[in-house]
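Enquirer: In order, the protein sequence lines correspond to chains A and B. Quick note: to get the numbering used here, add 10 to the position in the first sequence (first position is 1). For the record, in the second sequence the residue sitting at position 7 is -12 according to the numbering used here, with numbers rising by one throughout.
The set of hints was computed from the structure by calculation and includes no laboratory data. Hints may contain errors.
[Stated by the list, open to error] Keeping only pairs whose Cα atoms sit at most 30 Å apart, straight-line, the calculated DSS-like set for lysine-lysine is:
#: 1; chain 1: A; residue 1: K81; chain 2: A; residue 2: K21
#: 2; chain 1: B; residue 1: K50; chain 2: B; residue 2: K30
#: 3; chain 1: A; residue 1: K24; chain 2: B; residue 2: K30
#: 4; chain 1: A; residue 1: K81; chain 2: A; residue 2: K67
#: 5; chain 1: B; residue 1: K84; chain 2: B; residue 2: K30
#: 6; chain 1: A; residue 1: K67; chain 2: A; residue 2: K24
#: 7; chain 1: B; residue 1: K84; chain 2: A; residue 2: K24
#: 8; chain 1: A; residue 1: K81; chain 2: B; residue 2: K84
#: 9; chain 1: A; residue 1: K21; chain 2: A; residue 2: K67
#: 10; chain 1: B; residue 1: K87; chain 2: B; residue 2: K50
#: 11; chain 1: B; residue 1: K87; chain 2: B; residue 2: K30
#: 12; chain 1: A; residue 1: K81; chain 2: B; residue 2: K50
#: 13; chain 1: B; residue 1: K50; chain 2: A; residue 2: K21
#: 14; chain 1: B; residue 1: K50; chain 2: B; residue 2: K84
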Amino acid sequence: DTGVSQNPRHKITKRGQNVTFRCDPISEHNRLYWYRQTLGQGPEFLTYFQNEAQLEKSRLLSDRFSAERPKGSFSTLEIQRTEQGDSAMYLCASRPGRQGPYEQYFGPGTRLTVT
Amino acid sequence: AQSVTQLDSQVPVFEEAPVELRCNYSSSVSVYLFWYVQYPNQGLQLLLKYLSGSTLVESINGFEAEFNKSQTSFHLRKPSVHISDTAEYFCAVSRSEKLVFGKGTKLTVNP
């Protein structure tokens, strides 16, 4: 069990650029989640996958955001035409596919700064 | 919809003192409750959870939380804190796949 990993850990970009983040969940965890955490706030749910299927998206996920999990393993989160308001920590979590309220295991996050 | 209120944004305490971090939630249905801890530059780690059964749940490092349905609360307590407990603590509720978090409480333990 190597834990959830996220890359890059930090990303600085200029407004209007596109960025992509990667999340590698714990092996054999078929559920994967993305959250966003802004300064002074708790994490907010963005979206989640069961295997390769994206089953729920928050209204926070505007049209500029897209997430994929093409083979049911790693996931990517892309933000197009970044805005300063996108500056935040993007957290990924995963959990086993068993039914029930099992805990989600979080990665270290990717901190995005939009200048 | 669920919501979580953490009443204190910052809690400073001295080492070996007791501490209570307060969490209240709002939900029209029964929920599962969690406390996560976030150390600087790290991801969130589960501290403890309430799913059902005994209303008092404990963690391996001395924290405990009590589920109070009538007061819709899930306060976190530790009888004697250490410097190493300095971190941000998040209360969260869940009824479906997503976790709904409070804004967090920064616990600072001073020598």
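Enquirer: Taking the hints in turn, state whether each one holds.
Expert: Against the structure, the hints come out as follows:
no.	hint	verdict
1	A:K81 - A:K21	holds, 25 Å
2	B:K50 - B:K30	holds, 15 Å
3	A:K24 - B:K30	violated, 40 Å
4	A:K81 - A:K67	holds, 19 Å
5	B:K84 - B:K30	holds, 18 Å
6	A:K67 - A:K24	holds, 26 Å
7	B:K84 - A:K24	holds, 28 Å
8	A:K81 - B:K84	violated, 34 Å
9	A:K21 - A:K67	holds, 24 Å
10	B:K87 - B:K50	holds, 25 Å
11	B:K87 - B:K30	holds, 19 Å
12	A:K81 - B:K50	violated, 42 Å
13	B:K50 - A:K21	violated, 42 Å
14	B:K50 - B:K84	holds, 21 Å
Hints 3, 8, 12, 13 from the earlier list are contradicted by this structure; the remaining hints agree with it.
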